[in-house]
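Make a model of the complete structure from these sequences and hints.
There are 2 protein chains.
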Amino acid sequence: MATLEDIAREVGVSASTVSRAMSRPDSVAAVTRARILKVAGRLGYQPNLLARNLRQGSSKTIGLILSEIQNSFNATVAKGVQDVAYQHGYSLILCNTDEDEAKEALSLEVLLAQQVEGLIVIPTHHTQRHLERVRRVPLVEVDRLSGQRGVQAVLADNVGGAQAAIRHLLDLGHTRIGALISRPGVTTATERLSGYQRALETAGIALRPQWVRMGNTLTEPGQVQGQQAALELLKLAHTGELTALFCSNNNMTYRALEGVQELGLRLPHDLSLVGFDDEPGFRFTAPPLTVVEQPGYALGQAAAEHLFNQLERQQPAPGGVTRFETRLIVRGSSGPVPGPG
Amino acid sequence: MATLEDIAREVGVSASTVSRAMSRPDSVAAVTRARILKVAGRLGYQPNLLARNLRQGSSKTIGLILSEIQNSFNATVAKGVQDVAYQHGYSLILCNTDEDEAKEALSLEVLLAQQVEGLIVIPTHHTQRHLERVRRVPLVEVDRLSGQRGVQAVLADNVGGAQAAIRHLLDLGHTRIGALISRPGVTTATERLSGYQRALETAGIALRPQWVRMGNTLTEPGQVQGQQAALELLKLAHTGELTALFCSNNNMTYRALEGVQELGLRLPHDLSLVGFDDEPGFRFTAPPLTVVEQPGYALGQAAAEHLFNQLERQQPAPGGVTRFETRLIVRGSSGPVPGPG
DNA sequence: TTGAAAGCGCTAACAC
DNA sequence: GTGTTAGCGCTTTCAA
Numbered sequence: 083m084a085t086l087e088d089i090a091r092e093v094g095v096s097a098s099t100v101s102r103a104m105s106r107p108d109s110v111a112a113v114t115r116a117r118i119l120k121v122a123g124r125l126g127y128q129p130n131l132l133a134r135n136l137r138q139g140s141s142k143t144i145g146l147i148l149s150e151i152q153n154s155f156n157a158t159v160a161k162g163v164q165d166v167a168y169q170h171g172y173s174l175i176l177c178n179t180d181e182d183e184a185k186e187a188l189s190l191e192v193l194l195a196q197q198v199e200g201l202i203v204i205p206t207h208h209t210q211r212h213l214e215r216v217r218r219v220p221l222v223e224v225d226r227l228s229g230q231r232g233v234q235a236v237l238a239d240n241v242g243g244a245q246a247a248i249r250h251l252l253d254l255g256h257t258r259i260g261a262l263i264s265r266p267g268v269t270t271a272t273e274r275l276s277g278y279q280r281a282l283e284t285a286g287i288a289l290r291p292q293w294v295r296m297g298n299t300l301t302e303p304g305q306v307q308g309q310q311a312a313l314e315l316l317k318l319a320h321t322g323e324l325t326a327l328f329c330s331n332n333n334m335t336y337r338a339l340e341g342v343q344e345l346g347l348r349l350p351h352d353l354s355l356v357g358f359d360d361e362p363g364f365r366f367t368a369p370p371l372t373v374v375e376q377p378g379y380a381l382g383q384a385a386a387e388h389l390f391n392q393l394e395r396q397q398p399a400p401g402g403v404t405r406f407e408t409r410l411i412v413r414g415s416s417g418p419v420p421g422p423g
Numbered sequence: 083m084a085t086l087e088d089i090a091r092e093v094g095v096s097a098s099t100v101s102r103a104m105s106r107p108d109s110v111a112a113v114t115r116a117r118i119l120k121v122a123g124r125l126g127y128q129p130n131l132l133a134r135n136l137r138q139g140s141s142k143t144i145g146l147i148l149s150e151i152q153n154s155f156n157a158t159v160a161k162g163v164q165d166v167a168y169q170h171g172y173s174l175i176l177c178n179t180d181e182d183e184a185k186e187a188l189s190l191e192v193l194l195a196q197q198v199e200g201l202i203v204i205p206t207h208h209t210q211r212h213l214e215r216v217r218r219v220p221l222v223e224v225d226r227l228s229g230q231r232g233v234q235a236v237l238a239d240n241v242g243g244a245q246a247a248i249r250h251l252l253d254l255g256h257t258r259i260g261a262l263i264s265r266p267g268v269t270t271a272t273e274r275l276s277g278y279q280r281a282l283e284t285a286g287i288a289l290r291p292q293w294v295r296m297g298n299t300l301t302e303p304g305q306v307q308g309q310q311a312a313l314e315l316l317k318l319a320h321t322g323e324l325t326a327l328f329c330s331n332n333n334m335t336y337r338a339l340e341g342v343q344e345l346g347l348r349l350p351h352d353l354s355l356v357g358f359d360d361e362p363g364f365r366f367t368a369p370p371l372t373v374v375e376q377p378g379y380a381l382g383q384a385a386a387e388h389l390f391n392q393l394e395r396q397q398p399a400p401g402g403v404t405r406f407e408t409r410l411i412v413r414g415s416s417g418p419v420p421g422p423g
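Protein chains in written order, with the numbering used here: chain A, 83 to 423; chain B, 83 to 423.
Since the hints were made in silico from the structure, they are not lab data. If you're wondering where the values come from, they're calculated on a predicted model, not measured in any experiment. Honestly, I wouldn't trust all of these hints.
In this list, chains with the same sequence are indistinguishable; a pair is considered to hold if it fits within one copy or across any two.
With a cut-off of at most 30 Å between alpha-carbon atoms, the simulated DSS-like pairs for lysine-lysine come out as follows [unchecked claim]:
1. K185 <-> K120
2. K161 <-> K120
3. K185 <-> K142
Next up, the structure:
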């Protein structure tokens with residue numbers, strides 16, 4: 083790997099001149115610069131960012147910590163973040179933690195050691211604890227809240243989205259509506275649950291605890307738990323105790339879909355199903371799913387933009403939550419309550 | 083940010099001692115070490131990897147370049163890569179290029195400048211050109227082939243997978259089978275196309291060029307093209323000229339699904355559909371889709387393992403292609419040829 | 001317009 | 001066991 087020194091030696095100037103020729107071209111004589119650039123080209127010179135950043139005390143790098151890279155919502159957020167990072171000339175180091183405590187702690191450590199200038203995190207319920215013991219770098223939370231005080235966060239309007247979903251079901255005549263909620267202790271879950279509750283209360287419908295079940299978020303190992311919760315609720319649909327079901331995220335919706343298939347329920351006749359968070363496949367299920375769509379890409383973008391604002395301002399961020407609207411997409415999985423009999 | 087020097091000063095030893103206390107504990111007196119660790123803890127010391135890596139001439143970082151982070155297959159590959167990287171104590175910088183030439187060139191430049199020790203790439207048709215002009219670092223290609231000679235690659239058995247899909251359709255009695263192929267010039271597409279052709283030839287069925295259409299890979303901007311190709315083929319199904327359709331990747335399958343919906347075709351009665359690459363949602367379409375599943379996670383893992391082998395060997399890799407088997411999952415979208423009338 | 005020198009934080013010889 | 005020294009590749013005063 084060619085260095086500045088290599089070029090300098092060959093051209094017969096000092097390393098500083100070569101450096102300047104690169105960074106501030108008009109501070110170097112045109113002829114000198116031309117020769118430098120030519121040699122640099124021939125040698126295939128690439129600056130060593132490790133050295134530059136060490137010297138400048140800045141890494142031009144930000145980190146993104148996600149719990150589930152395979153979740154398409156997370157991937158969409160990541161894309162939003164990355165596009166903005168690139169626009170600002172920053173690279174992005176992306177870490178995937180699988181909701182695993184140790185992996186999250188390690189990711190955080192590595193990112194800080196890599197001298198990232200800022201961090202964007204989709205928090206898990208471990209995050210707050212980890213964050214506390216850590217050097218403070220500018221931080222923005224997306225999608226969920228860690229509980230840490232005074233941080234900036236970019237979230238979907240989860241309460242409103244869930245309310246819209248439930249109101250839609252109420253409008254169709256449903257009053258016996260179940261809720262399949264993902265991992266307890268994660269703010270998206272609790273907020274969506276509270277949207278569900280609030281919508282029912284507003285409609286004057288009593289809440290039945292047995293109509294709400296907690297699953298979990300992760301696709302792979304914990305499937306069982308979520309699957310279990312889904313089945314319990316769907317059995318209530320089978321007996322007619324429930325006529326509609328609200329799922330609090332895409333994984334829960336998949337769990338419900340599995341159960342629907344297993345029990346042979348027909349949507350929306352036997353059950354109206356509304357999910358939170360759209361997925362590419364949800365347009366093609368039978369029938370297509372009614373969902374609350376959240377703007378993942380915009381969330382990612384906004385989070386990154388907030389982070390860069392913090393970086394530019396050089397001062398601690400004011401802290402505060404930005405909410406993005408969700409959108410109810412009515413497709414075929416929700417329909418009127420079937421008449422008696 | 084506390085440095086070794088800070089700790090050294092406070093403890094009353096030299097920076098080297100502190101460094102040693104961290105890296106080779108038993109080369110330092112137990113008492114000294116204890117004091118050092120205590121102070122380090124209190125100061126919240128985190129090593130500066132920029133400095134360490136600059137000094138050691140190694141970044142303990144590898145790069146992964148993908149074209150489409152939102153494609154769940156790519157995400158799965160990424161997860162495989164990352165898990166292995168972490169096992170080896172390496173961090174992963176992940177770049178997403180959207181199949182865009184400029185973004186790919188930039189990503190490559192940034193990764194090299196960051197001194198990544200190796201690169202894993204899902205190549206696009208720009209990749210080879212970019213690779214040529216670039217400092218050689220150990221490289222492994224996954225999923226597709228750039229065309230660069232002598233590199234290691236980890237791929238699915240695309241020909242075999244496509245053949246299995248087509249044979250399955252032939253077994254069901256289909257002879258009029260269309261193929262919706264993604265972006266031309268990408269090896270996955272050409273290999274799967276050739277699997278399709280080979281299977282038909284073997285069965286003694288003449289190839290009809292009008293039964294093959296090229297779409298494109300990317301989900302967003304180019305949808306139109308893929309959608310167009312899908313519609314043209316599906317119209318042939320409508321008229322009965324085609325009784326089955328093979329889609330060469332998950333995006334093409336989505337395009338076909340859209341067309342099926344738009345034209346009101348019923349699967350598998352009006353058309354048998356087989357896709358290459360499974361997606362979570364494909365189990366819940368109506369009917370569930372028959373697909374060729376490829377082991378994305380294993381591909382990612384293997385690619386990373388090959389890369390680390392190269393890194394450990396210190397010598398240029400032998401170059402060569404590792405193929406992973408695919409698996410045909412028969413679900414409901416493929417069925418016997420409908421009888422005449 | 002250019003060069004010399006210092007230093008970012010760390011590690012690795014080499015002394016003692 | 002521990003300190004001293006040098007240097008990774010770069011940028012940035014400060015002089016000339």
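Status of the hints after comparison with the structure:
1. Proximity of K185 to K120 under the C-alpha cut-off of 30 Å is restricted to the inter-copy arrangement: shortest distance 25 Å between copies versus 46 Å within a copy.
2. In this homomeric assembly, K161 and K120 never come within 30 Å of each other (Cα to Cα): the closest approach is 37 Å inside a single copy and 41 Å across copies.
3. With identical chains, the CA atoms of K185 and K142 are at most 30 Å apart both within one copy (24 Å) and between copies (17 Å).
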